[in-house]
Structure formats: C-alpha cells, structure tokens
Amino acid sequence: MAGLMAGFGHYTHAVVRGIPASLAKEALRSSQAEVDLAQALREHEAYVEVLRTRLGLEVVELPADESLPDCVFVEDAAVVCGDTALITRPGAESRRRETEAMKDALKDLNLNIVEMTDENATLDGGDVLFTGREFFVGLSKRTNQRGAEILADAFKDYAVSTVPVMEGLHLKSFCSMGGPGLIIIGSSEPAQKALKIMQQMSDHRYDKLTVADDLAANCVYMNLPNKGHVLLHCTADQFPESVKVFEKLKDHMLIPVSNTEKVKVDGALTCCSVLINKKANL
Amino acid sequence: MTTEAGSEKAEEVKEKAEESAAQTDQSEKATEETQEVTKAESEVNEKEKEKEKEGKEGKGISRYLPTWLKKQKSQSQTSPTKEAPPAEEPDSKVTQEEEAPAPEVNGHAEEVEEKEEVKSEQVREKEESHSNASADTEPVKEEKVEESAEKSPEETKETTEGEGAEEEKKGQQPEGEAEGGEGGEGQTSIFQSPLRLVRKSKMKLVVCHVTLLDGTDFTCEVEKRAKGQYLFFKMCEHLNLLEKDYFGLTYIDTHEQKCWLDPTKEIKRQIRSNNWQFSFNVKFYPPDPSLLTEDITRYLLCLQLREDVASGRLPCSFVTHALLGSYTLQAEFGDYEPDQPRPLDNIGQLTFAPNQNKEMEEKILELHKSHRGMTPAQADAQFLENAKKLSMYGVDLHHAKDSEGVDIMLGVCANGLLVYKDRLRINRFAWPKILKISYKRNNFYIKIRPGETEQFESTVGFKLQNHRSAKRLWKVCVENHSFFRLNAPEPPNKARFLTLGSKFRYSGRTQAQTRLASSLIDRPAPKFERTSSKRISRSLDGAPMISITEAENGREPHLELHSDSKVKEVDVSPGDAEATSLQSPGPSEADLSQDHDKTQDEVLKHQANISQLKRSFMEAPPPSPPQPNQWEKRLTSSPATTIRIQQQQVVSVPETEAAAADNTVSDTKEPAKTTEVEIEETVVVQEVSRAAKPGLVTVTPIPPAEPTTEQETSKQEVKAEEKVVTVGKEEPKKQESVSSESESEEEAEYHPNVSVSISHTQIPEEKEEEEEQEDDKRGEQEVSAPDALSLPAEVSKPEEEANRVEEDAGAEKKTDAEEKEDERETEESTDDPMITPDEAPNGLTLPEEGETGMSAPAEEEEEPKVNGEASLVEVEQRPQVICCSEPPVVKTEMVTISDTFAAQKTEIATKEVPIVHTETKTITYEAAQLDGNDGEPGVLMTAQTITSESLCTTTTTHITKTLKGGLSETRIEKRIVITGDCDIDHDQALAQAIKEAKEQHPDMSVTRVVVHKETELAEEED
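The listed protein sequences derive, respectively, from chains U and W.
Be aware that the first sequence starts at 1, since it is given in the working numbering, and climbs by one per residue.
Be aware that the second sequence starts at 10001, since it is given in the working numbering, and climbs by one per residue.
Calculated from the structure, these hints are not laboratory results.
Any given hint might turn out to be false.
Stretch by stretch, here's where chain U covers chain W in the computed footprint (C-beta under 8 Å, at least three residues) [claimed, not checked]:
{"#": "1", "region": "10419–10432"}
{"#": "2", "region": "10435–10446"}
Computed cross-link-like contacts, EDC-like style, restricted to lysine to aspartate or glutamate with a CA-CA straight-line distance of at most 20 Å [claimed, not checked]:
{"#": "3", "chain 1": "U", "residue 1": "Lys156", "chain 2": "W", "residue 2": "Glu10359"}
{"#": "4", "chain 1": "U", "residue 1": "Lys103", "chain 2": "U", "residue 2": "Asp65"}
{"#": "5", "chain 1": "W", "residue 1": "Lys10389", "chain 2": "U", "residue 2": "Asp83"}
{"#": "6", "chain 1": "W", "residue 1": "Lys10389", "chain 2": "U", "residue 2": "Asp153"}
{"#": "7", "chain 1": "U", "residue 1": "Lys103", "chain 2": "U", "residue 2": "Glu115"}
{"#": "8", "chain 1": "U", "residue 1": "Lys279", "chain 2": "W", "residue 2": "Glu10454"}
{"#": "9", "chain 1": "U", "residue 1": "Lys208", "chain 2": "U", "residue 2": "Glu189"}
{"#": "10", "chain 1": "U", "residue 1": "Lys196", "chain 2": "W", "residue 2": "Glu10454"}
{"#": "11", "chain 1": "U", "residue 1": "Lys227", "chain 2": "U", "residue 2": "Glu115"}
{"#": "12", "chain 1": "U", "residue 1": "Lys107", "chain 2": "U", "residue 2": "Glu93"}
{"#": "13", "chain 1": "U", "residue 1": "Lys264", "chain 2": "U", "residue 2": "Glu26"}
{"#": "14", "chain 1": "W", "residue 1": "Lys10363", "chain 2": "W", "residue 2": "Glu10337"}
{"#": "15", "chain 1": "U", "residue 1": "Lys279", "chain 2": "U", "residue 2": "Glu58"}
{"#": "16", "chain 1": "U", "residue 1": "Lys156", "chain 2": "W", "residue 2": "Asp10396"}
{"#": "17", "chain 1": "U", "residue 1": "Lys156", "chain 2": "W", "residue 2": "Glu10404"}
{"#": "18", "chain 1": "U", "residue 1": "Lys196", "chain 2": "W", "residue 2": "Glu10452"}
{"#": "19", "chain 1": "W", "residue 1": "Lys10358", "chain 2": "U", "residue 2": "Asp83"}
{"#": "20", "chain 1": "U", "residue 1": "Lys193", "chain 2": "W", "residue 2": "Glu10359"}
Even glycine gets a Cβ: it sits at the ideal position worked out from N, Cα and C.
If we strip away everything but chain U, and leave its shape as in the complex, we get:
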C-alpha cells in the first residue's frame, strides 16, 4: 500500500531534455568558462543512458530548444512529488518558457499539474530539496519567498522550510539527498551553515555526509527495485577527495557520472532530470 511519504527514492520515470547548441554561448553562468559543446553532449548522453539502460527508468526526452539555452536543466522547471507536479516560474527571465514543454510532458504522465502563475513568485527546482519527509526551499537569486509559499501550498502534506542561500546558485548547488535521512553536504562554510539551518528547522533527524567539494555534493539518489540504493555522483577525475567519501557508502550502488562541461554553466547532476514515481501514484 502506498502510504503517505512511503518509498523515498522510488522512481519509474525520468524527464530529460536535449542540449541546445546555444548552451555553449548563451547559457547563463556565473563563471566565464568556455563550454565544450561536444563534450557536453557526450556527457549528457551518458547521463541519460545511465538512467535509461543501467537503471531501467522510463526516460522521457524532450527536444532541445535553441531559444532556451538552459533548457537542459529541466529540474528547475518542475518539482514533482508523489503525483503532483508543480510547474515553476524560474527566476531567470530567459528560462520562463522552459516550463511549457515540461508541463506538457508531465501532463502526459497523468500528474496533477499545479502551475505557479503568481507574477511575484519565482522558484527554481534547483532550490528545492525534498528529503522524503519535508521540503527545504533555498531562498536564492532565483527563488523567492512567494515561490516557496506556492510550493508549500502545492504539497500540503509536507513541511516546507526556507533556507537562505548565501553563496552558489541554488540550494542544491552544495547539497542533495544521499539516501533516506542522509544529506550530502559540501564542506564550505555557507554549505555547513545551510545544513545547520535545515537541521534546526526539521522535526526529523538527518545524517550528513560531508564532501570536500560543494559541487560534488550534488548527487542523484534513487531507491530502485532490485538495485537498492543508487547514487549518481561526480567522477574521481573531477573531485577525487569527494569521491573517496562516496566510496564509503557500502550499501549504495555508486555510479560516477562525468559532468565537466555542464558544471561550467552551473549545471549539476540533479539539474538534468526530473524523476517521477508513477507507481506510487494512488
């Protein structure tokens, strides 16, 4: 019986989107790095392949839109929990239209669609950390209070706490879930502060897994039948120190995924997919 808040990490579907050529030049970024588009495409393909083949998820791949250079980062366009999907209103003006395709795709998956129509609200999915028991919403450059309120209204079962994001683009730029009750957190001061806040705000206890690099703290966790705990994380080439930490997770199926190019435009592992659990839907 699918009870409330059961099965954290259970996913059956994933929504991804292609990389437009415009990403290399026009995608928003906080650094000046040059993006190797070809390499980015290769990495993204590998990422999708892991989801589809290795993990057996049903992958819905949306076509890239050249007018939306950041469209590959689908996570920001929607927040899905249970059978409810909140279509966000991304904080970056240039990304607002990314939600259209996402909305259609999620509708096709028979999810209950909630749209964020309030023009005062902004929310990027990258600022939303769902722990299985509650939401933390980072208040960042891209996400504001109103956006968080609407999210809270969309997912009434859960507590929604706000966490100020002092550095980095999104809340999940330095943290993510590594399992039920396990938060992977970067070692930077802002990251640790945010973790403290989250711990204080929560009625639940969380273990933390601290990794050396903030960017390495962004992982994709799943709990899949026949596979158990699955963790997609950065490669040892990119963040050797952090990977050593991941390797201590004995119960997890560890899948290193290369992400050297998208990270240059502030894209992390979680950014590139929206995970859905259709079976959990009642």
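Got chain U sorted already, so can you dock chain W onto it with the hints?
The following block gives chain W in isolation, referenced to the frame of chain U:
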C-alpha cells in the same frame, strides 16, 4: 464582557462564602490556626476601631479606609452582610467569615439580579471614588445591605443544599481555590465517583452539554461548583476511555476563542455567560498513535483527526484526503460491497475535506476497495499512520507578529515551537533549545539556549493580538512542553506561592506517565460503537453493539486492573495514588496494598473493589501542586484579599535565626535594628466594564492597614507612605525576590528545562498592576534601593487628593480599558499607556502617573515593543527566580487610595495600592537557573504556607545584608500573604504580624509596613 465578569465574580464570591460555611461545619481542616487568626482579627478590629477614631480626628484618609474596605468586600464578595464596617462589628464579621453562618452566606442570586446589583454597586462606587468623601460611603453601605437582604433568602437555600456538595467544595476550597483546591480537591473528588457525588449533592445542578468527537451531544448534570476535571472524568467514564490524558474539554470564551477547560478550576469560573457548552477534544496528539494501548483511544483520535482534516485545520493534499477518507469508510462501513447499497450514496454527505468534490469522492471509493479485509481497528491504525506524518499534525497554531510586525503563525507541538510565515516554516525552536517561555502583556518571549558557537542566550519575542492570546499561547506551550518533554509534571513549586503571575502549570499526567499507565491497562478491549459522524451508526467490528452504559454497568470485569498494575499506576501519578488511598477507606484500599501478591483470581474476587479502582482511575485528578493552584485561583478569580507583610530588617542578624523565626505569619524576626514590616494590601478593583457602557468604575478602599499602622506608630516609628501598591512590589524586585500574586499577572515565565526551585531564589514580586503601576514600581525600585540601605526615608506624600486623583484616573482608565476590551485593538492602546510609564524613569507621583497613563495611551501604543523588551530584560536579569511582573493591565483600572493618617508618626509608611485587575497577566514559568545565584542581595530564608479552611497564609522571610561603610545592615523583610475566599480582617492580621515581629525582635524596629490588598476579578481567570 466586563459586566458579565463582574457578575460572575459576585457569584463566585458567594459561592466561596458558602463553601467556607460548609467547610466550617465539617471543620475537618478548620484548624487552630484559623481560630488564632480569628482572635487576631478580633484584636485587630478593636484596634481598628481605635484607629478609625483617631483617623477621623487626624486625617480624612483614615475614614476613607473603612469605606474602602467596605467597598472591597462588597465587590469582591458581593455579600452585603460582610460589608458592615469593621469597626462596628469586627467580631461578627470574623465569625461570618470564619464560621460562615448559613444565613450570612451569600446565596446564589439569579445571575441577572447579581449583575444588576453589581452594576449598581459599581455606579455607586464610581460616585464614591469621585467624591471620596466619607459621607458617600454610608449610602453605599445601605445599598449593600439591601442587596444582602435580597440575596439572603436564596443564600440560605444554598447553604442548606450545600452540605451535600461538601466534598467537591473541599476541593474547591475557598480562597485557595486554585492551589489549595488542587491538593484537596483532587483528592476529594476522587473519594467518590462523579456519579455518586451528583447523587449526594443537593447542590444546584447545572446541565452541561458536551459535544463529543462523533458529533453527538452528551448531556449531564454537574454541581454548579464542580471543577473541570469532574466533568472531564465523567466524560471519560461515559466514553469508557482510560487513556484520557490526551484529551480535554474545550469551551468558547466570550471572545469566541476556544479555550481548554482547566481541570483544576471550577468550571463556572472559566466559562462565560453561563454557557455550559463544551467540546471533547484531543489536547495532545500522540506523535506515534500506534503506541496507544487501546483501540478506543485510537478511534477517538481518529474522530478528532477526521474533523481536523475535514475542517482544513490539518491541511493535506488531495491524495492524502482521499487516502484518509478511504480508511474512514473502511472503518465505518467495512469492506466495500459492490452489491450493497454503496456507501457512495452516503459519501456525499460525509465530509472528508474542506473542498471536497466528486473527483475526490470517487478517489476515496476507489481506494476504499483496496482496503478489503481490513478491520475497523486496522483502518483506524492506517488512518493514523498516515495522518501523523502530516506536517501540521498536532500543531496548534496561533496568530502572531514578529518583531518587525510581520504576520506569522506560531505552532506549538510535541517537539517545540514552530514559526510559520504563511505556509512556510521559517523557524523552529525545539523544546530542548528553549530555556524560558514567558509572556508579558501581548508579548510572547522565548529564551533560546546559545548555540555551539554562541556565547549568549538570545530571546525571541513575538507579538500576539492581545494579552489573552499571549497567555493562551503561553499556557499551551507550558502544557505541551510538560506533557511531551517531562517525565512528570513539574512538582509544585513552593516558592511559587510567593510569586505574582500565573502559577499555571500542566497538572495532568505527562505522556511518559500516561504511557506507563496505559501499558498497565489490563482489560479486554472495550467494545464501542462507531458512529460515523452524522448518521450511520452500526458496529463494524462485528462485536455486539454495546451502549456505553451497558459496558460500564455490565462489564465491570473489563475494567479490572491488575492489582499490580493498579499499584504501579498509583506510583506513576501521585494524584491517582492519593485519590485511591483517600477514596477507598474501605476494602479497596486494602486491596491495593495486598494486590501485589495476589493472583488474578484473587483480583477477580475483588471486582467490586476494582470497579471502584477503575472509577478512581478515571476520576483521579491529575497530580497537581496544591498550593500553586490555590494561589492561582485566589489570584485569578477569588475575591479574596491577600495581605502581605514584609519585614525588612536591616541589621546583622544570623540568617539561621531569621529563617527559624519565620514559620508562621505571626512570626516575625526582628533581630536587626531596623525592621521594615511591609504589609501590602493590594486591592484589585473589579472592573466591571460593559462594552457598551463606558466606564463603571469600582473602587475598593483598603481600610485595614491604617489602624494597624497607628498602633505600631505609637510604639514604634512608623512612616506612613502613601504609595501605589506598586511600590510594595517594587521593593521586592530590588531584592530580586519576586513573588507574583494574582492571576492577573500579565507576565509569566516558564523555564522548560529546569525545575523551579524557589529555595535559592528570592522571589521578586510583581503584582498585577496597571501600566502606571509598573511605572511606579520601577520608580520605586529605584527609590527603594536607597531605602534598603538606610532607614526608610520614604515620605508619604499621597493624601486624599492624591487618592482622588488616582481614582479618577483609574476610572478614566477603566473606561479606556473597557473600550479596549470591547475591541482588542483598543486594548493595545490601553496597554501602551501603561508602558509609557515604565519607560519614564519616575513613576513615583501617583497623580501624575495616572494622568500620564490616561493621556498617553494612544501615543504609547506604537511603542509596545519597547516596553515588552524592557520587561523582558528585567526578567532575564533574575533568571533564577520566577519573575512575574504584573505591569499594566489593559482592562483593569487601578484605584489607589493612600492614607496619610499614619503620617502622624511619619515613620510608618502605609502603602495601599488597590490594584486593578488586568486582563493581561505575565506569567513566568522559570526553572531555577544557576545564574540566579549571582550576587543577589538577599536570601530567602523561609517560606511557609499555612492553609486553613478559609485562609491560606504564607509567610516569606527575606534577609538582606548590606555592608555600608563598615556597617553591616541586616534587613529582614517578611512578607505575609493571606489568601482567603472569605473576608480577611486585614487589620487584625496586620496587627498580629507587627505584634509578633516586635516580640520576636525587640531590638529591631519596624520601619515599614505596606499592605497590599488584592481582589481579583473573575474575568481574568483562566
């Protein structure tokens, strides 16, 4: 509101009187003490007579005092007979009070009548206050007499009836109402099952309507003076509920706010408008319902949650609504039967969600199908397993504003305090992080334990709509913390009796206790009837439907508790234990003792006993500190007057001696040269304000102090100071001993993590006062400090004029207050004025203060925060003790009458501060903290409380040693607080105290006597 309150009060008073009478007859507790008191009083009265004469000759004020007294009595007790001037009939008065002759006791007049009377009285009083002339007094008296005459017939009736109700009455004892009552009451109530009580009692019965969780109405009769727990236990008995500690009764107060019925207090005092309508509700939502022992408990919890969900109080998603609804269907209707008339037909009439629609209903039905085979109990369990995960499960929300005026919600739950802005959680304070919870006026504060990297505690303040909201929130916090975090309710704090402010504590069993108790429940699962909320009633369990009554009567065996278990239970909850032991003088008691070794068979033999036990289990009052309750009651609602006598001795005196000396009120040690005896009488003037009518001001004069003072004066040097009552309080603050007295406390603190110990701490007293008073207090504090060092140099300036002015001011204030009452918003304005004075460095001049208060309110409204902070700061400074500052009350008016009569000798200062009753109370629930030890000036030597039937006397001795320029001064301050439901002969008490003090410490002098008389208004009681 005001009017009603006044009337209620009047009633209460009468009742008290009756009670006292009844008790007297029993004279179980009636002790020698009482007699002594009586003697003392008589003496005092004589003295008073003399004094009065003198006073008349000497100063007008003295005359005034008697009037004041009369007024007070009339207001507080509403018994005309008692109002007779003390001088004339001191003895008779005493007798009445103490012995409570039947005829004299006030009957229950029709409420309407009472109200009218009260009004008239108020009007009169108002007139008086303006005139202040002694002449005015007489007419008032006459009127009062008339009233008494009118009431007398009824009164007699009641008296006769009263005997039956003795037991309950005992519990509810006169003055002690709150505290004294608790100990006694709890026990008493236990003696017999509620049903028995009803039968026996010839008292007036009132019909209570209780809305049960299944929506049905339960009607029962309770004695008019029954306490909350009586009704509650009756309910639990009706429901066959043993795990009752998670539940409570609610009522709607005059402000349309839902309030929890305090089990330790009389119902009548809590409800308003004689509306005996209640709801049975879940008070503490168990975080893990699966740990509950009995299905019936889970069922009731389910009923509550269904309602919470359907009403939107417990928000949840569409899917969750559907899921919970499907479990409800399964529990109520059993398996989905396609053939049968489908529940779907009914589903539209069942409410599952606030925005229920067809889609949801279909989803519910769809899910219902999947629950096939699930028993009702299982369905309930599943329902709860899902409901408990909802983020707002068990969260009690309160509207508030943050420090920046932003609207937020404060949520109290098992884990702590949650802060929401809109639907977002913006902060959370787990109970372990909270060091102190307090409120002052409409401000609510929590002191936060410093984090790992932080050095200092921080305090977070929130603004509630009004002081009532603040207090309600505070209480909820105290209760939730106690229930979920403590192993046992906070033990009665002896120190507390000295404190002003609310002594409110959670008096029931904690979750730990109730879990233990319920784990010992050994009865076959009780059968109960599931009634889907509106129409469908049928037993789903397949068990024969048994009406509750049947269950109780025919199924006694179910209720068997293993003897062992019983015993254990007793251990767990002292209250129960006591109850049991007390209750069963006969066989049951023996059983208990023997039960340990008995086998079940043996147990069975004692079914009868068991049933009794069961009853006791059900009825057992929650362990509650007796004294605190008394005080609280008294402060809150009881008209009773409190006399505090403080002796401050400045001399080198061995502390031990001092300590020894203070055992009784009468004992006053005066080892030191300078002894200040402060007898403070605070009269809380009843505020009878009607919303519609602008202000009726009731002024209560406090006469008693004068006479005593004079006597003292003759022998000793006495300064008469006319100050506002506040002054008295302030002094204590200086010493850092705080005692809070009335319920009206506007501030209260609660230290969640620490148990409060009074012993180390001195108790600063803060009384309820209007804001002005607070100002005065502060001013006085400043002043007082010097005094402490040197002989009291305070000059009594107030004269009749001053009094008048104050009264006038008070009247005006009242008006303001009334208006405020009408409109909460308005209240703030009122408060503000009070605040202002605080800010102002000097509040010494009463008249000015009064004026200030009156004029300033609007302006000050804007700055409430500042004030609150200030107060907060004060509190923090004395962490160790319970600090209750009773600043300004919104609704209350202060009437201060000071007599300078004593001035003759100039050395005795008499401060008479009538205190107006305020709606706002500050309650501090503090645990003693280590910091408290830092150089407090004084040491609290002793604290003693003697409770007789009608009076509760508490003596506190405070010794302060000061080194000044090589001279060491020891100052002994003795505070005597007498609480009684009946009239107290203050003069006698004062005289006695002074006399004893002199005798005990011949080498010390009494430098100061302050009398505070407090009469509480019924309204404020919570």
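Q | Hints the structure fails to honour | A | 2, 8, 11, 12, 17 and 20
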